[in-house]
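> If you want the building blocks of each chain, they are given just below.
Protein chains: 2
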Amino acid sequence: MDSGALLDLLGNENRRRILRLLARKPCYVTEISEYLGVSPKAVIDHLRRLEEAGLVESRTDEKRRKYFNIARNLRLEVTVSRHGFGAKSAYPASRDLDLTRCHHLSIDGVTAGNTDVDADVDGDGDPEAAVASLADDLAELENLERELSLAQRWVQGRLADVRDDLAETIEADDHEGLYAEVVAAVADGADGIETLSRRVDAPADVVEHALNDLHDRGILEPDDEGGWSVTGSA
Amino acid sequence: MDSGALLDLLGNENRRRILRLLARKPCYVTEISEYLGVSPKAVIDHLRRLEEAGLVESRTDEKRRKYFNIARNLRLEVTVSRHGFGAKSAYPASRDLDLTRCHHLSIDGVTAGNTDVDADVDGDGDPEAAVASLADDLAELENLERELSLAQRWVQGRLADVRDDLAETIEADDHEGLYAEVVAAVADGADGIETLSRRVDAPADVVEHALNDLHDRGILEPDDEGGWSVTGSA
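In the order they appear, the protein sequences are chains A and B. Note that the first sequence covers residues 1 to 234 in the UniProt record's numbering. Note that the second sequence covers residues 1 to 234 in the UniProt record's numbering.
Derived from the structure by calculation, the hints contain no laboratory data. The structure displayed is predicted, hence computed values, not measured ones. Ideal Cβ positions, reconstructed from N, Cα and C, are used throughout, including at glycine. Just so you know, not all the hints are guaranteed correct.
Computed far set for chain A versus chain B, every beta-carbon distance over 10 Å [stated by the list, open to error]:
1) R16
2) E34
3) T60
4) L74
5) G84
6) F85
7) Q152
8) D188
9) E194
10) N212
11) E225
Part of the chain A face toward chain B, derived, beta carbon under 10 Å [said to hold, decoys possible]:
12) V29
13) K66
14) E77
15) E145
16) L159
17) L166
18) A180
19) A202
20) A204
21) V206
22) D213
23) R217
24) P222
25) T231
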């Protein structure tokens, strides 16, 4: 979708709070309304706009209650500089993307872009050669920027896949994804109840219960320093 | 700055248009007001908010006229997925950043993250081993995401530096940066007046004049197919 329209949508604190809430679990209008302290009418209006933009979708469960969830993965990048204001949005790249075709994306590429950028900008030599050298650097950096952006979209798509797989493997439907989130946070290096509680946005006692349950199931194990790690993980 | 506050600022079409305009050249309030078709009072209000956020700054020239320009480079990344809504903003990384310390940032790192992600998610084997494998993949992808983000901030900072150097080398103060933009667009592969005119957002005759002038100065040269290239560039 158009990045301007997306910025208009995201430029509202309540809509951002709705997205944050739905990313945790699918919700009914009244749940969202109570959580936000905003009237159901206003919530319905926000949801309609998010739905029209394809960010949110709704389903009706067996009790005929309509709940809303995040419809798709999306990425938005905005850059502001003296040389331009740019916003671009994109869906995650396909998992089949062949990143080896990104010729510029490597440590070598990055540091190559760093050489002789300052060649003769003092103007005490050949200005045409300085312009040519700067133009080469610019083209190189712009290619690198495009490839980094593509790589990030690929990573975002893969992250969503792995988190889906994790939630499926842990089979924690009744915990609304919290168990998978706890395992993901532990895998990402978070240990200690306080850090985990902040990361997964749940009370400490709930996190402690999840940790003990996941320990009983052999998925997590405590380490010597009061932290946790994933059993058998590198 | 806080990414929520930044999204609030950017979630307004007129403020985005002001940023886009100021990225082309510093402007007075009346210029902005006429360009946008918005009252000076409203423009002043938008500028005040952008100034408070540190995105825009003002200077007073020798005629005591106050003009506004982009104050700094900034980058904002927003991701929306079933597993989270995240927004982070950052200033470009220092040019001295040692990217060789980014262990995950390479083609090898990217493709390594792609192996055995699907190990045993069907649950027909050892679920603990599957969770451990997925947890490793997740940690790897999250490291990669952080390093890609850092690399992009570095690239953005370098791009701004090179564009500054280019503008300085071409010494095109009287052309308000248009010449440097034209050279940058040619360096990035744009050729043909129409494409260039769109890229630098200037009328075709203005671009044609700039091309001819840059040709006279030995900076650009026409190729056989009606396009242009930077003299001596790779």
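> Now look at each hint and say whether the structure bears it out.
Going down the list of hints, with the structure as the test:
1. The Cβ of A/R16 does not lie farther than 10 Å from every Cβ of chain B; its closest approach is about 7 Å, which violates its non-interface assignment.
2. No Cβ of chain B comes within 10 Å of the Cβ of A/E34; the nearest lies about 19 Å off, and the non-interface call holds.
3. Non-interface call for A/T60 relative to chain B: holds, since the shortest CB-CB distance, roughly 19 Å, exceeds 10 Å.
4. The Cβ of A/L74 does not lie farther than 10 Å from every Cβ of chain B; its closest approach is about 4 Å, which violates its non-interface assignment.
5. Not every C-beta of chain B lies more than 10 Å from that of A/G84, the closest at about 5 Å, which undercuts listing it as non-interface.
6. Not every C-beta of chain B lies more than 10 Å from that of A/F85, the closest at about 4 Å, which undercuts listing it as non-interface.
7. Distance check on A/Q152: its Cβ comes as close as 5 Å (rounded) to a Cβ of chain B, failing to clear the 10 Å threshold; non-interface status is violated.
8. Some Cβ of chain B comes within 10 Å of the Cβ of A/D188; the nearest lies about 5 Å off, and the non-interface call is violated.
9. With 10 Å as the threshold on Cβ separation, the claim that A/E194 sits away from chain B holds: the shortest Cβ distance comes to roughly 20 Å.
10. The Cβ of A/N212 sits about 16 Å from the closest Cβ of chain B, beyond the 10 Å cut-off, so the non-interface label holds.
11. The Cβ of A/E225 sits about 18 Å from the closest Cβ of chain B, beyond the 10 Å cut-off, so the non-interface label holds.
12. With 10 Å as the threshold, the beta carbon of A/V29 stays out of range of chain B, its nearest partner Cβ sitting at about 19 Å, so the hint is violated.
13. Given hint, A/K66 at the interface with chain B, is violated; its Cβ is 18 Å from that chain's nearest Cβ, farther than 10 Å.
14. For the restraint placing A/E77 at the interface with chain B, the shortest Cβ-Cβ distance is roughly 6 Å, inside the 10 Å limit, so the hint holds.
15. For the restraint placing A/E145 at the interface with chain B, the shortest Cβ-Cβ distance is roughly 5 Å, inside the 10 Å limit, so the hint holds.
16. Among the interface hints, the one on A/L159 holds; its C-beta lies about 5 Å from the nearest C-beta in chain B, closer than the 10 Å criterion.
17. At its closest, the beta carbon of A/L166 sits 5 Å from a beta carbon of chain B; the interface hint therefore holds under the 10 Å criterion.
18. Below 10 Å, beta-carbon pairs count as interface contacts, and A/A180 has one with chain B at about 8 Å; its hint therefore holds.
19. At its closest, the beta carbon of A/A202 sits 14 Å from a beta carbon of chain B; the interface hint therefore is violated under the 10 Å criterion.
20. A hinted interface residue such as A/A204 counts as satisfied when its beta carbon comes closer than 10 Å to some beta carbon of chain B; here the least separation is about 20 Å, so the hint is violated.
21. Given the 10 Å rule on beta carbons, the hint for A/V206 is violated: about 18 Å separates it from the nearest Cβ of chain B.
22. For A/D213, the suggested interface contact is broken, since its CB lies about 13 Å from the closest CB of chain B, more than 10 Å.
23. Given hint, A/R217 at the interface with chain B, holds; its Cβ is 8 Å from that chain's nearest Cβ, closer than 10 Å.
24. The beta carbon of A/P222 is not positioned within 10 Å of any beta carbon in chain B (closest approach about 15 Å), and the interface hint is therefore violated.
25. For A/T231, the shortest C-beta to C-beta distance to chain B is roughly 6 Å, which falls under 10 Å, so the interface hint holds.
Checked against the numbered hints given earlier, this structure breaks hints 1, 4, 5, 6, 7, 8, 12, 13, 19, 20, 21, 22 and 24; the rest are met.
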